[in-house]
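Number of protein chains: 2
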Amino acid sequence: MRASDKAYRTLRSEIIDWQLPPGTVLGEVDQSTRLGVSRTPLREALARLTADGLVATQAGRGLVVTDVSTDNIRELFEVRRALEEQAARLAAERGDPAVFDALEREFVAVPALLESEDPARHDYYDLVARLDDAIDDAVANPYLVTALRNLRTHLVRIRRLARDDKDRLREAAREHLTIVRAIAAGDSELAAHATHIHLHRALEHLLAAHTAPTAMTTGPTERTAS
Amino acid sequence: MRASDKAYRTLRSEIIDWQLPPGTVLGEVDQSTRLGVSRTPLREALARLTADGLVATQAGRGLVVTDVSTDNIRELFEVRRALEEQAARLAAERGDPAVFDALEREFVAVPALLESEDPARHDYYDLVARLDDAIDDAVANPYLVTALRNLRTHLVRIRRLARDDKDRLREAAREHLTIVRAIAAGDSELAAHATHIHLHRALEHLLAAHTAPTAMTTGPTERTAS
DNA sequence: GTCACCACCTATGTATACAGAACCCGGAAC
DNA sequence: GTTCCGGGTTCTGTATACATAGGTGGTGAC
Numbered sequence: 025m026r027a028s029d030k031a032y033r034t035l036r037s038e039i040i041d042w043q044l045p046p047g048t049v050l051g052e053v054d055q056s057t058r059l060g061v062s063r064t065p066l067r068e069a070l071a072r073l074t075a076d077g078l079v080a081t082q083a084g085r086g087l088v089v090t091d092v093s094t095d096n097i098r099e100l101f102e103v104r105r106a107l108e109e110q111a112a113r114l115a116a117e118r119g120d121p122a123v124f125d126a127l128e129r130e131f132v133a134v135p136a137l138l139e140s141e142d143p144a145r146h147d148y149y150d151l152v153a154r155l156d157d158a159i160d161d162a163v164a165n166p167y168l169v170t171a172l173r174n175l176r177t178h179l180v181r182i183r184r185l186a187r188d189d190k191d192r193l194r195e196a197a198r199e200h201l202t203i204v205r206a207i208a209a210g211d212s213e214l215a216a217h218a219t220h221i222h223l224h225r226a227l228e229h230l231l232a233a234h235t236a237p238t239a240m241t242t243g244p245t246e247r248t249a250s
Numbered sequence: 025m026r027a028s029d030k031a032y033r034t035l036r037s038e039i040i041d042w043q044l045p046p047g048t049v050l051g052e053v054d055q056s057t058r059l060g061v062s063r064t065p066l067r068e069a070l071a072r073l074t075a076d077g078l079v080a081t082q083a084g085r086g087l088v089v090t091d092v093s094t095d096n097i098r099e100l101f102e103v104r105r106a107l108e109e110q111a112a113r114l115a116a117e118r119g120d121p122a123v124f125d126a127l128e129r130e131f132v133a134v135p136a137l138l139e140s141e142d143p144a145r146h147d148y149y150d151l152v153a154r155l156d157d158a159i160d161d162a163v164a165n166p167y168l169v170t171a172l173r174n175l176r177t178h179l180v181r182i183r184r185l186a187r188d189d190k191d192r193l194r195e196a197a198r199e200h201l202t203i204v205r206a207i208a209a210g211d212s213e214l215a216a217h218a219t220h221i222h223l224h225r226a227l228e229h230l231l232a233a234h235t236a237p238t239a240m241t242t243g244p245t246e247r248t249a250s
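Going down the list, the protein sequences come from chains P and L.
So for the first sequence, our numbering puts the first residue at 25; every next one is plus one.
So for the second sequence, our numbering puts the first residue at 25; every next one is plus one.
Source of the hints: derived by calculation from the structure; they are not laboratory data.
The reader is advised that the hints may include incorrect statements.
Stated by the list, open to error - A few chain L residues that face chain P, going by a derived Cβ cut-off under 8 Å, partial list only:
no., residue
1, Glu102
2, Arg105
3, Leu107
4, Leu114
5, Leu168
Fair warning: this is a prediction, and the values are worked out from it, not measured in the lab.
Note that the Cβ used here is the ideal one computed from N, Cα and C, for glycine as well.
Build the full structure now, drawing on both the sequences and the hints.
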């Protein structure tokens, strides 16, 4: 694997996992020595992360991991609504019903799934990821899929703030079920509206969880990664 | 100005202006010597262009300028519809009516404008660009604005294929007028639907112009830039 | 005559060295 | 005490050298 890819993937997952929290200064020499690559591939990795919106140049401190504010989340969801509604619409028009029928059966089984031993809900998040993949596959539009992938990167990072409880996940599964059924039935408008509602509810839940413990991300987080 | 910025802007405008047509192979050494910068900043420029979708790595020939096929245009417009409708909606909700009232008056005057001496229609395209800027300003959403800006890069490149005649521009101006009035009136749904119709008509016109002289972009365009 | 293999060459990927600019700290003057 | 200036240090930006991989062309064998 190329050194620049290695640096990019490592930094990306560290940022998403909050091992590198918002505000972390990413000096080129620090990171290149830490990751064991030279500055040239590291710069490429940082450029890609900047394009992703995970890092940004702050006034006079160089590159820092971007903050996740309440406003950011709202803005992100405005874009997300536009893109995911369109994706749902197109998936309903073009998707293979059999694929979404199979996913429907899995979403029906989610309440039972959530009772099982899986503290991190990995099985559930895996199912949602497979739904996303199926939609990406169905829309067959590289531009749209790329935009959605970029967006999901941010959403995974934000998910850490959500404190998803069992009740919310059960509700989300019901919302997903409506979406999947609409896509399987080829009803594009229903799929779009179901997606709209799902995102509306997800944003509500996210903001409710985020406004309370806001101290987590704000304030002078001057931590440096070493 | 940084050498990498210089290389990026130069290559970007050359690709958009069709001076570097689709299929052109962009070797690192060729371009770095041609542009008078070293390979390091040039690689950064190429990475940015790749992220923009203007160049892509092709099988075994390295980086090439991306092709513009009919399918690409359709896919691009699917994303565009999603993002611009959302932008129009948000602009109607948040925009300053005075700004869009002023633009409305300018769009009313377009038929007269098109009669003037301006073979390249620069004045008209300028007005559309100012409308885009006003919408960007009104939506006040950096993620959405960034996505729209990236999209418009491709659209400017495609415009070269459109052969916009006076009739189409007059029609487009009427469509824009409807959009601007809806935004100024704060009617988000009307703004979204007017945008939808405008994009539908624009795509129709583009495809009609593009399917006939398709030989312009296809075929073995093995040209090399030197 | 065609196909396969080998060698050379050119391209990309990486490391490092150097230059310039910006920031920080200390000192001095008002 | 505060502010401004200067030196030093550290960072980014750029250039270049080197290594490796992949592609191409030529030659030989079947």
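Cut-off 8 Å, beta-carbon criterion: hint that Glu102 (chain L) touches chain P: 6 Å, holds
Given hint Arg105 (chain L) near chain P, where the shortest CB pair must fall under 8 Å: Holds. Min distance 7 Å.
Leu114 (chain L) as chain P interface residue, shortest Cβ-Cβ below 8 Å: 7 Å, holds
Restraint check, 8 Å cut-off on beta carbons, for Leu107 (chain L) near chain P: Where the cut-off is 8 Å and the nearest Cβ of chain P is about 6 Å from Leu107 (chain L), the hint holds.
Hinted contact Leu168 (chain L) with chain P - closest CB pair below 8 Å: Since the shortest Cβ distance to chain P is 5 Å, the answer is holds.
The structure is consistent with each of the numbered hints, conforming to all of them.
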